[in-house]
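**Q** Chains as they are written, first to last, in our numbering: chain A, 1 to 347; chain B, 1001 to 1347; chain C, 2001 to 2347; chain D, 3001 to 3347.
Do not take every clue at face value.
Said to hold, decoys possible - Heads up, incomplete: computed chain A residues facing chain D, CB under 8 Å, no partners named: (1) Y74; (2) P128; (3) H130; (4) E225; (5) R230.
Treat the hints as calculated values from the structure; they're not laboratory data. Each residue gets a CB set at the ideal place from its N, CA and C atoms; glycine is no exception.
There are 4 protein chains.
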Amino acid sequence: MTFASDNWAGAAPEILDAIARANVGAVPGYGGDDLTKKVEARFCEVFEKDCRVFFVATGGAANGLALSVLLPPYGMILAHEASHVQMDECAGPEFFTGGAKILPVAGADGKLTPDGVAGALAGFPERPPHGAPAACLSLTQGTECGTIYSVSELTDLCAAARHAGLTVHLDGARFANAAAALGAAPADLSWRAGVDVLCFGGTKNGCIAAEAVIFFDPEKAADFEFRRKRAGHLWSKMRFIAAQFDGYFENGLWLDLAARANAMAKKLSAGLGAIDGVEISYPTEINEVFAVFPDGVAEHLRDQGRVFFPWVTPGDPAGGKMQRLICSFRTTDEDIASFLDAARRAG
Amino acid sequence: MTFASDNWAGAAPEILDAIARANVGAVPGYGGDDLTKKVEARFCEVFEKDCRVFFVATGGAANGLALSVLLPPYGMILAHEASHVQMDECAGPEFFTGGAKILPVAGADGKLTPDGVAGALAGFPERPPHGAPAACLSLTQGTECGTIYSVSELTDLCAAARHAGLTVHLDGARFANAAAALGAAPADLSWRAGVDVLCFGGTKNGCIAAEAVIFFDPEKAADFEFRRKRAGHLWSKMRFIAAQFDGYFENGLWLDLAARANAMAKKLSAGLGAIDGVEISYPTEINEVFAVFPDGVAEHLRDQGRVFFPWVTPGDPAGGKMQRLICSFRTTDEDIASFLDAARRAG
Amino acid sequence: MTFASDNWAGAAPEILDAIARANVGAVPGYGGDDLTKKVEARFCEVFEKDCRVFFVATGGAANGLALSVLLPPYGMILAHEASHVQMDECAGPEFFTGGAKILPVAGADGKLTPDGVAGALAGFPERPPHGAPAACLSLTQGTECGTIYSVSELTDLCAAARHAGLTVHLDGARFANAAAALGAAPADLSWRAGVDVLCFGGTKNGCIAAEAVIFFDPEKAADFEFRRKRAGHLWSKMRFIAAQFDGYFENGLWLDLAARANAMAKKLSAGLGAIDGVEISYPTEINEVFAVFPDGVAEHLRDQGRVFFPWVTPGDPAGGKMQRLICSFRTTDEDIASFLDAARRAG
Amino acid sequence: MTFASDNWAGAAPEILDAIARANVGAVPGYGGDDLTKKVEARFCEVFEKDCRVFFVATGGAANGLALSVLLPPYGMILAHEASHVQMDECAGPEFFTGGAKILPVAGADGKLTPDGVAGALAGFPERPPHGAPAACLSLTQGTECGTIYSVSELTDLCAAARHAGLTVHLDGARFANAAAALGAAPADLSWRAGVDVLCFGGTKNGCIAAEAVIFFDPEKAADFEFRRKRAGHLWSKMRFIAAQFDGYFENGLWLDLAARANAMAKKLSAGLGAIDGVEISYPTEINEVFAVFPDGVAEHLRDQGRVFFPWVTPGDPAGGKMQRLICSFRTTDEDIASFLDAARRAG
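Please take these sequences and the hints and turn them into a complete structure.
**A** Structure (structure tokens):
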């Protein structure tokens, strides 16, 4: 039992089954196979729109490649100061774009607001060609703080971006968790809200290594296929990413897995919040719980073999004492009960 | 039945089994798991040397990332004019290195020679800081022309590189095929011959997506882990690449699969060579056959549903009329017999 | 008469004379000439240290190239949120470094503090290889807000950087103004304080196009000459940058010019500050004055043909109403008197 | 007296005069001044076309920046194997483009031919997204071998490029020499022939540091101004590059200087060719002479203080024994006579 990260969980059995099913016969490489085409079409159904879909193996690749077609190499991305693109990709967006700048923007609970974006833009006024021109707004759904944008919040942010001439990138490494939590149509959480490109994650939610970059305006996909290839992200045996998504969408598995992880996190959060001296740092809206324990408790729990990590964000409300606990589709009621029990006794 | 490419074949069942076996429990992400460590150690055994091993999913990533630590961003790579790094990676090495130059070098049968390398260097003399300084020799084993370097050829080339102050990169997307064909120890085909970094392929030979970048001098690995991460090539669920290599090395599977493909190619080559008017373009030393058919024959075979591609290399001896036929671990004696039969009748 | 920028002023006559003097005979290109060597040696004298000096034509080139050897392409630069490298170089540092990240840090009056740096680092903790590793602290002397670091402030910042494992870059586009204002030895404002590389500006202070990148530890210069060349910043007729610095250092011209501009700014600032309703935004320590005028005054002055620009910085204390007025070595007492007179009447 | 390079000569006095004339008053920076506008307009007159003109200080910057807007970062440039962009810019084009590939193409006398280009393209067939897509043909006029393309040769090459979907870049570091030699209208040597972008050099021909990037289709200039800025190639005191071109065009100075250098080279070439045992390697069509001396002669001349360099090109007809002698606008009849005399006696 661990709350270290959703990527510590392995793959859902249905995903492995789908891979095994796909391992039949010789088929064209590089995405020319029927299964890839079928799954691409499935994405169009799920998102209720003709779109261009590209598969890659990691979220960092998806984000970096998507951004590289959404802005010029000297352009500027506005992103939350705690976002994955800013904090966790080892300057990957800068690499993929060929040197674009990220302007970190503050916002409560890991979320940006139209006012926050407007303020950041006002502080970095357009003076071509001196300042890097603001070109793209990068959002995350659900966020790195375990929160989610409502459909209307997302829509307002995209409108603000559009108004400022920015394209909109959505990092959806935990898009499934957000969709499951909101019960909203994928379309409402993406193109209908104004998102240009969605990086749709499978890996954190039961796949082995499967991410999809979805261009809702096929023309915007531009030269993505060249960029994916030169970055070494075009799989020759593409059917094996396609297969993962095939299994992922079957019978709504993707939403089931996410809902399970979300539910466990809610339980964990509620239980922790009820313990004297524990403070929940952000609303627990998906599968991540952030909490500050009384002094010594986290260490004590770790000494007992409980695995979870301290977490710092810029502008951290808890001054570096926050802990992050993540649930996955594999987390069980027993895991939660056992952890809460230990936490109560450690307090 | 197809001779299109070794990547049209799916995965060997043993590889899928190994993946399934690895899907147990929660384990650390990003390569911190025991299986990854076990398989890294296995590489050290196979290569009879303490080395640093990094897993990625594609050959393009392996090559590009390896090169990025082997030379500075303004350095020059010497590579065969028909090599994968030059012809097939959409300027990936240039991307990963941050702008290094590739100087294409000619050589018979897809192979470089010390004289060829010396000649290329003589034609691009060092005049710091004007010319891009020659910094790395990139070799391929087995080559894109289906040939192999003997241990002594490889050793001589590495010595020539060393003499000229070049590091040595070996693109081993088909290293298994070369090792099986030569019956040589992996160490003799790599570090003992003078190779600094080997990109060891699994994907073309029965894996799903598994390549290993092997630094024989651990210190040379330098900042590889940062470069892999920022390029989106660090898998969070790393155990699933490790598992593939686990299966790959078990009971010598890697050499068995390669030997099978090689044997099929030999048969195909011999059979085709015996047909009147068919010319074999290069010695068939691994699993690739290059041939020129009498006019109309290739088209006729394709019309019948036989799948294989025309192939062009710079300095092509066959003036653009060459065909490439690749065998995989899945190719059967029946496939060969059937194709040869069709070829004979089409002639 | 204009207060638009110090780069609106042309060249000091002494600089043009020095260029003319250098235009004699045929001399080696690319810096192999005697004058370049003489001036490089002059830098070592001025800075009281053996150092490696490289000439380029612009401040953006100096900063970008210097940073490119001070950190890896995936590293992170900490810089003031209002600094030139962050706000005014169109993502140049990201370009030159091959994708490094800039983390903007707040600080009063355009200045960083050790606490500010420590706080920024705490909010972006090292988690290799996930976050871009903090690698370099970039400071500006004098700052974009017209302020200066004292020797002890600079020393403390460099110590904090060293403690955190960061190299130190100093953008000295207005280094002369700072040196003149402080009356400090150039060495005390650079290597003795802990600076690794200084970008020493001449252009804003009477040269045509002359900047020097000074490595105080010659070994750190590493591959600068290759990087300068590939970026198109190696002049073939290098003597003509050397000549500018030759004239610049003669008889202390560089400090005289800077002192003159500083003195004019002091006068302007004092005069403006005495006008009812005018607020001086930052201490006027070099040749830049930042002020907020009563509503309509700035516009009125501009309508009369007075040239100066509104200026915005992130975290601007004046909410976007600030004006920037820059004096140069050409600014006269009459210019100041005339402007103050107009400002008084416009109030 | 030296024949080392045209950049060993300083500046023509008229150029320095023009700089001095421009040093009057305060004018807008970054090219917003009247002189810059005047000179831009002058370029449109000289080239008989409305075009967008951008000034930079070096030929490497001009070439790299021009290429960066002429092809995508994963695209391929075809260039002569002896061209400056391939051999002399320390991988600058790869840097500026963000990783584009250069495919070196052979051709007699430093010149490409439509057949040579077609052959290179045939050897690197389009297989999107695998190979870097051929995107740009880069030509040089006059060439690095001291030869020139006639108007019809240039027109044929541009037509071949257009036919293959390539943009055309012309490196005109010695454009003046070519124009003077051919007596052709600048328009006939550029846009009328089919050139998209010309890098028009002033530095080698009497300027201090002045190159112009000319986009004949203003729309193709695209984001050049952002790229120039981020690369540190936008001068704040732009008037001082404009001034150089102002002087350069006055009374046809540019063609006079070039014609003088050309005439000297013709004389030198004729004289050397008449010496027993000296072989002229390429036709002497501009200001560069390439020759092979009898054994020991070059060394002997150098021992006497004569300065000129050995020169190697890939595919060098003279097996590394070639010498390069360059004349400049400063070369005199006496220089030639003295050198020929010495050469005769050394033979």
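**Q** Would you mind marking each hint as holding or not holding in the structure?
**A** Now for the hints, and whether the structure bears them out:
no.: 1; hint: Y74; verdict: 5 Å, holds
no.: 2; hint: P128; verdict: 7 Å, holds
no.: 3; hint: H130; verdict: 7 Å, holds
no.: 4; hint: E225; verdict: 5 Å, holds
no.: 5; hint: R230; verdict: 5 Å, holds
This entry satisfies every hint, going by the numbered hints stated previously.
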